[in-house]
Structure formats: C-alpha cells, structure tokens
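Listed in order, the protein sequences are those of chains A and B.
Here the first sequence is numbered in UniProt numbering, starting from 1 and rising by one per residue.
Here the second sequence is numbered in UniProt numbering, starting from 1 and rising by one per residue.
Don't read these hints as lab results, they were simulated from the structure.
A few of these clues could be false.
[Unchecked claim] Reference listing, derived: stretches of chain A covered by chain B, where coverage requires no fewer than 3 residues with Cβ under 8 Å from a Cβ of chain B:
1) 47-56
2) 87-95
3) 190-198
[As the list claims (entries may be wrong)] Pair by pair, the computed Cβ-Cβ distance ranges are:
4) B:P110 x A:K229: 17 to 25 Å
5) A:L262 x B:D111: 31 to 39 Å
6) B:V127 x A:R17: 29 to 37 Å
7) A:M283 x B:V127: 31 to 39 Å
8) A:T263 x B:D16: 20 to 28 Å
9) B:V127 x A:Q239: 41 to 49 Å
10) A:K46 x B:V127: 25 to 33 Å
11) A:I14 x B:E154: 23 to 31 Å
12) B:R9 x A:Q91: 39 to 47 Å
Model, not experiment: these values are computed from the prediction.
Every residue, glycine too, gets a C-beta built ideally from N, C-alpha and C.
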Amino acid sequence: MGNSIREGLVQLLIRHRENFLSGEEISQRLECSRTAVWKHIEELRKEGYQIEARPKSGYRLVYRPDRVAPEELQPHLSTRSFGQHFRYRAQVTSTQALAHEWAREGAPEGAVVIAEEQTEGRGRMGRSWHSPPRSGIWMSLILRPSLPLPLAPQLTLVASVALSRALKSETGLPVSIKWPNDLLVHGKKVCGILTELRGEQDQIQYIVLGMGINVNVTEEFFPKELKEKATSLAIEGKQTYSRPQLICSMLKELETWYNGYLTHGFEPIRILWEESAGMLGKMITARTPSGEKRGIAKGLDATGALLLETEEGILPVFSSYID
Amino acid sequence: MPLKMHELRELIRLVDESQIEEFELENDGAKVVIKKGLSGQAEVMAPTAAPASVQAPQEPQPAPAAQPAPQPSAKAEAVAPAQGEAEEDDSRYHKIVSPMVGTFYRAPAPDADPYVQPGDRVDEKTVVCIVEAMKLMNEIEAEVRGEIVKVLVENGQLVEYGQPLFLVKPE
C-alpha cells in the first residue's frame, strides 16, 4: 500500500506543480493521514525530489530527479498489459537475471523489470553491456506468447521494428535496423536487444526480451573500445531525452506490434523491418560460427532469415554477426 | 527444391487442421501422401520415391559407441559416430532434439566450460546447450533424468528443427 500512496503523491504533485497543495488536501485525496503524507514527502526528498514546503500553503514540486520508477512512468503509460506489472530497482546485476527469477515465480505477460543501473549488464554469449546509472534504459520484458516455438526468433525482429518506431518518433533521429535487431544512428549502435527463451519441447514457457538503450550517456562515459561502434541518442541528437517518456513509447509500440504479429503473422513486420533496414542492397560480411559469408543483403525471407546474395546463390542466414 | 523437414511438419499440421481427407504432393521425384484415418488424425504414408529428396534431419543411423564409460575430456565429442562401430539399438537412449532452426552452442560464452560433457548426469531442468537464431537464445533443458552419452553436433553448427543434439541414457 505504501507504494501506491507514494505513486499517487508523485502524480498529484506533478499535476499541481504550478501551485501549492496543502497537506490537508493531499491527505484527503490519497485517503491517508497527514503524518503519512509528510513521511512520503521526506522519502521522496531523499531520492532527489525537491519539494518546497510553505506554512499555510502546503507543498510544491520544484524538481524531479531523472528516475524511471513506476510513479514516474504511470502518467505517460497508455498500454493495456505491458508495464502494468513492474519491478523497479536502483541497481541490479542485470535486469535479465531478475526477470528470469520473476518469470519462474509466475510473472504475468507484459511484466517489466527496469533498473537505473546494471553492474553486470549482459549481451549475447556472455558479452558485457556497459550500463552506467541513470543515463540509459536497461529493461526486460516478460512475454508468454501462444506461438509455435520455432517461430519465436521472429519476436526479435518484431521488437526491433517496435523500438525503432518508438525511438524515431520520440527523437526524430534516423534510426536504422541492423540484422537482426541492433538499432543504429549514423552507423553506430544505440540499442541492443537480447531475447532469451525458456521452453519445454515445443512449448514456450516464457520469453525475456531484454533491451539496453544508450539515451543520455555522454561521450566521456563510453569506454574507448566502444566509441567507434556505439553512441547515444543524446550525442547524436545534441540534447537530452526524457527516459520515462521514451520507455512508455517503447512499451506502447512493443505491445502494438507484438499483438499485431500474434494476430496477423510475420508479413507486416517483414515489410516494416525491410523499410527500416540500413543494410539492404549493400555488400556485407556475415560471420557465422561455421565461417564467413560475403554477399549483398537482399532482405528477409518469410521466416525472418537474412537473405544474402553470394557467389553460390542466395543463402538464408539464421545467426551471425554482421560487419 | 526438396521438401525440408520443417516444411513437411507444417504441411502435416495444415492438412491435419483442415477438412482435407487425403493429400498428395509430387515434387522432384519425391511423393508425399497424407491420409487421415477415421480418427481424423493425419498419418503420413511413406514417400514412394527417392527418400533423398526429403531432407529429414539426420537421424544418427549408427548406434552410439558401446562404451558406457564417462569420458570427461572435452575432446571426446565425436560428432558423427564412426561407421563400423558396434551396431547397437539406440532407441533405448533418449534423444534431446532441437526445437528450432539455429546455431548450436555448448557453452554460455566462448571462453566458458560446456554446459555438459559425456558422462555428466543431468535431470529434467539441467541446461544442456543453447540454440540461437536471430539473437534469440533458447536454453535447452534435458527434460529427462539420466546420463549424457553422446554429443551429436559440434559447437557452432547450424541445426535443423527436430535434429537430435544429445543422447541420454535415462535412469
């Protein structure tokens, strides 16, 4: 209950940020004692909120720290199920690990784990993901689709389409997709997606869709070896962006395209993916575990594999690193 | 184009869900006949022509090596069992098969130890490998209690839907 009072309090303060709101009125609206109001105000202050208190007038919100806590997201969130269950942490080892734990405990579809900072952020095959505090979006989404398991990899393409749309509409930056699902701005990576599936035979138990987005990460925060390959929305757009707003837009697009995919199949996603792909028609090298293949990227086949026109003919690529 | 195993399965599923009683397809000299029994369930008649044009995932035809001994050395991961080894009925072994097309990984990271080695004991929940496609990592669980007898594919190999990955001697 404590949390819902707090969420209500933040929302009230945001809505009335132009004027003072008396403790009396807040306690009536939130149906709690004035002592409880005072206690929650104190807690918010500890987390970096600046709340002006004036005798006889009440409280007024002066400054909101850049946080991605549920009470910050709620005012912007217009989804039906994505993000309606939430676990928020100031710091985690990785949101993927926490999401797996929660999924095993029975987290519902659309449940979201989000953290201000990851100390052991993960990419695929044990690669680490640099995730400094409060400057990016480190988030994992739990899905329980009724989908034949062999089709599940298509969800990574669904996610790349949804997230590219969200980032484009929120920032206006030219976001392009690199197969299968990295998002790039001006050729450098701003977003990585890692999808992990747990299943039994042909049955999907759950999927954890993890995403890392460099939002307000500044240049000096990137380790040297990443500067050539990675960037942030803020560096490319030369301004900072509201993470809560981005997150809500991402969840909205993800929910829309995920449901659309489950209803209408892969074809609409395939078309949108190809429209956003930066590499089509270009000569690329696909490094697969069984060797390198060079060819012209032609598009996606009906399963989502990348079609590569090589000297040996057109080959479908299911997994590789693209240079 | 020869029919792939996953296409064949898809075909069976579609026929099974439809009102169609009998379905024939001739393609590159291979013939597939699907007839529904009275139960309404689809059953597949044996292809009449060269089976070579139906690209089934390779069942490991020869039996696994007879040696029951645990062989913890990583080098011992024979891929295709050599011809001429003692013919043994491998039906008593449980096959862990790939639930999707993708790349087979024996370890969670390039520099990490394999999830399992021949000789290792596993239970239903033991993760034995990852199959990855389009950056979706599918951690495969043994789903059976027993002992890993053989690893049937190599690290980094592309595997088909339904392709056997491990042989497990069930308890």
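Structure-based check of each hint:
With 0 residues bearing a CB less than 8 Å from a CB of chain B, the segment 47-56 of chain A misses the requirement of three and the coverage assertion fails. With 0 residues having a Cβ less than 8 Å from any Cβ of chain B, the segment 87-95 of chain A misses the three-residue criterion, and the hint is violated. Beta-carbon proximity to chain B at under 8 Å applies to 6 residues in the segment 190-198 of chain A; the threshold of 3 is reached and the given coverage holds. Look at B:P110 against A:K229: about 19 Å separates their beta carbons, and that is inside 17 to 25 Å.
For A:L262 and B:D111, the hinted distance range of 31 to 39 Å is satisfied, since their beta carbons lie about 38 Å from each other. Range check, B:V127 to A:R17: Cβ separation about 50 Å, and the 29 to 37 Å hint is violated. Checked against the given bound of 31 to 39 Å, the beta carbons of A:M283 and B:V127, roughly 38 Å apart, stay inside it. Against the hinted window of 20 to 28 Å, the Cβ-Cβ separation of A:T263 and B:D16 comes to about 22 Å, which satisfies the hint.
In this structure the hint that B:V127 and A:Q239 lie 41 to 49 Å apart at CB holds, the actual value being about 44 Å. Checked against the hint of 25 to 33 Å, the C-beta distance between A:K46 and B:V127 comes to roughly 41 Å, which is inconsistent with it. For the pair A:I14 and B:E154, the beta carbons lie near 57 Å from each other, so the given range of 23 to 31 Å is not met. At about 46 Å, the CB distance of B:R9 to A:Q91 agrees with the hint of 39 to 47 Å.
Taken one by one, the earlier hints fail for this structure at numbers 1, 2, 6, 10, 11, listed in ascending order.
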